[in-house]
Amino acid sequence: MLRAIGKRDRDIFEEVWPDKRRIVLKLLRQDTVSQREWQDLFFGVHFVCLWDEKGAAKIYDCLQQDIVEFIVQAQSQVQAQRGEQALLATYIVEWRKFFTQSNYLPLPFRQLEQSPQVKPSSSGSSSSASATVSASGASTSAAAAAAAGSSCSNQAGKSGASTSSATGASTSAAAAAAAASTSASTSSAAAAASGSGSSSTTSTKKNPTEDSPVRKLMLDSWNKHIFHDIKHRLQESAMKIVHAERNGDAYDAQLVVGVRESYVNLSSNAEDKLEIYRENFEMAYLKATAEFYRLKSAEQQQENGVLAYMKYADSKLREEEVRAKRYLEPSSFSILTYTLVKVLIVDHLNSIIAECPALIRDYETERLNLMFRLMDRVLHGVGVEAMMGDLQRHIMSAGLADMLSASEVITQDSEKYVERLLELFNKFSDLVRNAFNDDPRFLTARDIAFKTVVNDTSVFKMELPTSIANRGVKYTAPESKCPELLANYCDMLLRRTPLSKRLISEQIDARLRDVLLVLKYVNNKDVFMRYHKVHLTRRLILGTSADSEKEEDIVEWLREVGMPADYVNRLARMFQDIKVSEDLNTQFRTSISRHDAINIKILNAGAWARCSERVSVSLPIELEDYIPDVEEFYKKKHSGRKLQWYHHMSNGTITFVNNFGRYDLDVTTFQMAVLFAWNQRQHDKISYENLRLATELPDPELRRTLWSLVAFPKIKKQILLMEPSAISSPKDFAENTMFYINQEFAIVKNGKSQRRGKLNLIGRLQLSTERSQQEDNQSIVQLRILRTQEAIIKIMKVRKRMNNAALQGELIDILKNMFLPSKKMIKEQLEWLIEHKYMRRDDDDINMFIYVA
Amino acid sequence: MKVKIKSWTGVATWRWIANDENCGICRMSFESTCPECALPGDDCPLVWGVCSHCFHMHCIVKWLNLQPLNKQCPMCRQSWKFNVH
Chain E
1 MLRAIGKRDR DIFEEVWPDK RRIVLKLLRQ DTVSQREWQD LFFGVHFVCL WDEKGAAKIY
61 DCLQQDIVEF IVQAQSQVQA QRGEQALLAT YIVEWRKFFT QSNYLPLPFR QLEQSPQVKP
121 SSSGSSSSAS ATVSASGAST SAAAAAAAGS SCSNQAGKSG ASTSSATGAS TSAAAAAAAA
181 STSASTSSAA AAASGSGSSS TTSTKKNPTE DSPVRKLMLD SWNKHIFHDI KHRLQESAMK
241 IVHAERNGDA YDAQLVVGVR ESYVNLSSNA EDKLEIYREN FEMAYLKATA EFYRLKSAEQ
301 QQENGVLAYM KYADSKLREE EVRAKRYLEP SSFSILTYTL VKVLIVDHLN SIIAECPALI
361 RDYETERLNL MFRLMDRVLH GVGVEAMMGD LQRHIMSAGL ADMLSASEVI TQDSEKYVER
421 LLELFNKFSD LVRNAFNDDP RFLTARDIAF KTVVNDTSVF KMELPTSIAN RGVKYTAPES
481 KCPELLANYC DMLLRRTPLS KRLISEQIDA RLRDVLLVLK YVNNKDVFMR YHKVHLTRRL
541 ILGTSADSEK EEDIVEWLRE VGMPADYVNR LARMFQDIKV SEDLNTQFRT SISRHDAINI
601 KILNAGAWAR CSERVSVSLP IELEDYIPDV EEFYKKKHSG RKLQWYHHMS NGTITFVNNF
661 GRYDLDVTTF QMAVLFAWNQ RQHDKISYEN LRLATELPDP ELRRTLWSLV AFPKIKKQIL
721 LMEPSAISSP KDFAENTMFY INQEFAIVKN GKSQRRGKLN LIGRLQLSTE RSQQEDNQSI
781 VQLRILRTQE AIIKIMKVRK RMNNAALQGE LIDILKNMFL PSKKMIKEQL EWLIEHKYMR
841 RDDDDINMFI YVA
Chain C
854 MKVKIKSWTG VATWRWIAND ENCGICRMSF ESTCPECALP GDDCPLVWGV CSHCFHMHCI
914 VKWLNLQPLN KQCPMCRQSW KFNVH
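Going line by line, the protein sequences match chains E and C. Here the first sequence is numbered in my numbering, starting from 1 and rising by one per residue. Here the second sequence is numbered in my numbering, starting from 854 and rising by one per residue.
Worth flagging that the hints you see were computed from the coordinates, not collected in a lab. Since the structure is predicted, the reported quantities are computational estimates derived from the model, not experimental observations. Some hints here could point you the wrong way.
[As the list claims (entries may be wrong)] The following label-pair restraints were derived from C-beta to C-beta distances:
1. C:C929 to E:K637: 24 to 34 Å
2. E:E624 to C:S882: 28 to 38 Å
3. C:N918 to E:L693: 54 to 64 Å
4. E:I448 to C:N918: 31 to 41 Å
5. E:Q789 to C:C929: 50 to 60 Å
6. C:C929 to E:T497: 56 to 66 Å
7. C:D895 to E:I592: 21 to 31 Å
8. C:C929 to E:S505: 21 to 31 Å
9. C:P921 to E:T544: 54 to 64 Å
10. C:S882 to E:D844: 18 to 28 Å
11. C:C929 to E:N760: 23 to 33 Å
12. E:K794 to C:N918: 23 to 33 Å
13. C:D895 to E:K794: 24 to 34 Å
[Stated by the list, open to error] Straight-line distance between alpha carbons at most 27 Å, and here's what the computed DSSO-like set of lysine-lysine pairs gives:
14. C:K924 to E:K716
15. C:K855 to E:K794
16. C:K857 to E:K717
17. C:K915 to E:K714
18. E:K758 to C:K859
19. E:K749 to C:K855
[Stated by the list, open to error] Every beta carbon over 10 Å from chain E, so not counted as near; a handful from chain C, in silico:
20. V856
21. I858
22. S860
23. A865
24. R868
25. R880
26. M881
27. A891
28. G894
29. C904
30. H911
31. L919
32. Q920
33. L922
34. C926
35. C929
For every residue, glycine included, the Cβ atom is placed at its ideal position computed from N, Cα and C.
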């Protein structure tokens, strides 16, 4: 019986298939296939598979033969074309036709998928797809039979027995049914089927025919029989078109697009659909591109120079990006850019970079911007780094040269200095913004360079004392005078000066902000703090602030820019003292009516600028009388406190009357004491020696005070005269140098002596005696030493163990808002702390420190 | 010639009149602050007991809070009373 069935099987295939094969050939040729023929094909395939054990394999073999035959025909047609464009055009036409067929020809052959003989490698994905359909296998198989327009008596029983074959039937039948229903109006079933096939390609993600072995057979055959032979010709032709396009000749872009599509669609590899495209088309495209531009770029650079070349490279990069969108798959964009950058930029890197310094020097922002954009495309930022280096070097050298050329003016005039500095800073900031779009890397380069300029010591420097007595530490380091000048400039803005009077409030604010901006780059902010505090002390004591609100604003701003809190708190404290003193004054005046002329300023010793030394002075008798009253009053207000007078800071206004006129003079208490020596003997000449006895001032203070009365700068007539008159410095006063009142003294304005007037003889209020000024300079260094020690201990207390490099890093971080500790100083302080057993070195590692509690 | 004072601004600082250099509790100088404070002066005042001993206010308050029963001066063991002048 088995033999009988086997014989019958062969018969069935041979009986049925020749008829169906005609339909297959029609489909391949895209001839009209009627609805009936289309349905017949479904039935035929189903029938053969069902009744012939080897039916599926037979159909598959036969189909393969037909497809190959068809492809060979197509190939001969394509190959017959001589011209390149014609070749491409024919190939694309043939391919498109074939590709369309590949979408719907597999439909009738779905059943072959279930056959183990023809099942290709992609079993995993198709089995899961069929499993979902098999649930409704029984019911749909009936529908499939009805749709196929066949009636088979055995079908119901058979389909129930084998679910797998029923599934195949159901899906193919469903597809056919769908085709039939949509093509109700159209006469050609094939056209409808292809329509539904193509629409499903676009609408659903997964083309139902995609996994089909028949489709794979079709594509593989095409690949093998036609594509393999002519792909080089195809690629070459396509690249020639691209080449022509690049040269600006006429071209047909659609041909290139068509070829690329054929490459993409040709792949039957489900895992990597772009495999064929990538290995052939993309590679050829990249190669052609690289070759084209290798020649062109050299040529362009030679002909037009580097600057024009940059423009060329930039425009070509953009042009190629647009072109790539037309001709390449998105996955190729990055590699194409990489190739282009390599050929257009990296290969010319050195010659482009060589232009950078000159462009920076000439502020060619547009070109620099172009160069920056080009360099920014280069991987690892080699080009950008080189440009940053150029920028940094330029700012440094240009900045220093500018400072040096103006050194004569700016070392004398802090206003000019700060303005010059800001001008430079704005210029370079503009450059970074316009040329480099404020790119953070370039901002950093600018900051580093600016730091160098600001902290440079070649134009002017401040000498810090060379030795610290109590620890025997030698310390010499010239430092930039910048922080001092910044503080001076601040003072000019905040004090009542010609400058601050000239400016409106907003301008002053803007300038103060500018100062803080520069201050950011200053290494040794402690110097600024010290000078700022000294200036503030003068302004508060003399009451010369232009605007007390601004004074307090800037304290807050200093806090905002990260000045140490204890420093800022002290400044705030100073304002508080002045306010408290004002209240105290009002109370004092109401309590004792005769002291209207007396003002007291009681300071908190810790907060104000250090005034280490008290200077004795014999006050005018009137003042001498006030002092006990003030002290008594204060004692009542605050028990347990004692006042300590700082007469070198005290000051007042005196009325000076002579034969010529009557003048109000602002003087220091020391000047007052000296002038009062003549009150009883107006016309006498008094020797230096006697003045010392009368005033009880220490020698240096007396010399300084006398000098301010005999040689006050910028006034025509001095209040005191001396004998001999040819003394040129306070050091030259001798014991018997005689001083006497200038009876002709007058305030001279516009060359005319005035009878009335007001004059300030205080000048710059001396906050400290000469000796303590030296101490002050040392105190900066002293304070730095203490701060460094403090910071080291602070760090070590937390870390317990730390190596040298890490410790230095943290140390600088802590101290950077005050000053930049030198390596030498850190080392010395570490040694000192080790010596005093605050910490020790690790026995095995000399660079490891251990905290000792 | 005659010189007359029209007005005068006297500048002075103040310091504590204490009977000792250092605070007996924290051993810090009265010129500076107790260990918790940063700025000497009004922010970290001194106080006197009836026994005439003197401490940083912060120090003695802390000390007194630690004594559950007899609030004594840490120096002389007399019972502590603030001396209000």
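Hints, verified against the model:
The hinted window of 24 to 34 Å between C:C929 and E:K637 holds, with their beta carbons roughly 29 Å apart. A beta carbon spacing of about 32 Å between E:E624 and C:S882 agrees with the range 28 to 38 Å that was offered as a hint. Distance hint check: the CB atoms of C:N918 and E:L693 are about 58 Å apart, consistent with the given range 54 to 64 Å. Between E:I448 and C:N918 the Cβ separation comes to about 54 Å, which falls outside the hinted range of 31 to 41 Å.
Checking the proposed 50 to 60 Å range against E:Q789 and C:C929 shows it is violated: the Cβ atoms sit about 37 Å from each other. With their beta carbons about 58 Å apart, C:C929 and E:T497 fall inside the hinted range of 56 to 66 Å. The given range of 21 to 31 Å is respected by C:D895 and E:I592, whose C-beta atoms sit roughly 24 Å from each other. At roughly 60 Å, the beta carbons of C:C929 and E:S505 sit outside the given window of 21 to 31 Å.
At about 56 Å, the CB distance of C:P921 to E:T544 agrees with the hint of 54 to 64 Å. In this structure, C:S882 and E:D844 break the distance hint of 18 to 28 Å, their C-beta atoms being roughly 42 Å apart. Distance hint for C:C929 and E:N760: a CB-CB separation of about 55 Å, inconsistent with the stated range 23 to 33 Å. A hinted range of 23 to 33 Å holds for the C-beta pair E:K794 and C:N918, which are about 29 Å apart.
At about 27 Å, the beta-carbon gap between C:D895 and E:K794 stays in the expected band of 24 to 34 Å. For the given pair, C:K924 sits about 71 Å from E:K716 by alpha-carbon distance, which is inconsistent with the 27 Å threshold. Among the hinted pairs, C:K855 with E:K794 is inconsistent with the structure: their alpha-carbon atoms are about 62 Å apart, more than 27 Å. About 20 Å separates the Cα atoms of C:K857 and E:K717, which keeps this hinted pair within 27 Å; it holds.
Among the hinted pairs, C:K915 with E:K714 is inconsistent with the structure: their alpha-carbon atoms are about 60 Å apart, more than 27 Å. Using a Cα cut-off of 27 Å, the hinted pair E:K758 and C:K859 holds, with the two alpha carbons roughly 12 Å apart. Among the hinted pairs, E:K749 with C:K855 is consistent with the structure: their alpha-carbon atoms are about 23 Å apart, no more than 27 Å. The non-interface label for C:V856 is inconsistent with chain E: the shortest C-beta to C-beta separation is roughly 5 Å, within 10 Å.
Distance check on C:I858: its Cβ comes as close as 6 Å (rounded) to a Cβ of chain E, failing to clear the 10 Å threshold; non-interface status is violated. Its closest Cβ contact with chain E, about 4 Å, brings C:S860 to no more than 10 Å, contrary to its assignment away from the interface. With a cut of 10 Å on Cβ distances, C:A865 falls inside the contact zone with chain E, its closest approach being about 5 Å. Annotated as non-interface, C:R868 brings its C-beta within 10 Å of a C-beta of chain E; the closest such distance is 6 Å.
Even its closest Cβ contact with chain E, about 18 Å, leaves C:R880 beyond 10 Å, as expected for a residue assigned away from the interface. Taking the minimum C-beta to C-beta distance to chain E, about 13 Å, the non-interface status of C:M881 holds against the 10 Å cut. The beta carbon of C:A891 is not kept farther than 10 Å from every beta carbon of chain E, the shortest such distance being approximately 5 Å. For C:G894, the condition that its CB be more than 10 Å from all CB atoms of chain E is violated, with the nearest at approximately 4 Å.
Listed as a non-interface residue, C:C904 keeps its Cβ farther than 10 Å from every Cβ of chain E; the least gap is roughly 15 Å. With a least beta-carbon separation of about 16 Å from chain E, C:H911 lies farther than 10 Å from that chain, consistent with its non-interface assignment. At roughly 24 Å from the closest C-beta of chain E, the C-beta of C:L919 stays outside 10 Å, upholding its exclusion from the interface. Residue-level check passed: C:Q920 sits 24 Å from the nearest beta carbon of chain E, beyond 10 Å.
At the 10 Å boundary, the C-beta of C:L922 stays outside the reach of chain E, the nearest C-beta of that chain being 29 Å off. The claim that C:C926 lies off the interface holds: its Cβ sits roughly 16 Å from the closest Cβ of chain E, which is beyond the 10 Å cut-off. For C:C929, the shortest C-beta to C-beta distance to chain E comes to about 18 Å, beyond the 10 Å cut-off, and the non-interface label holds.
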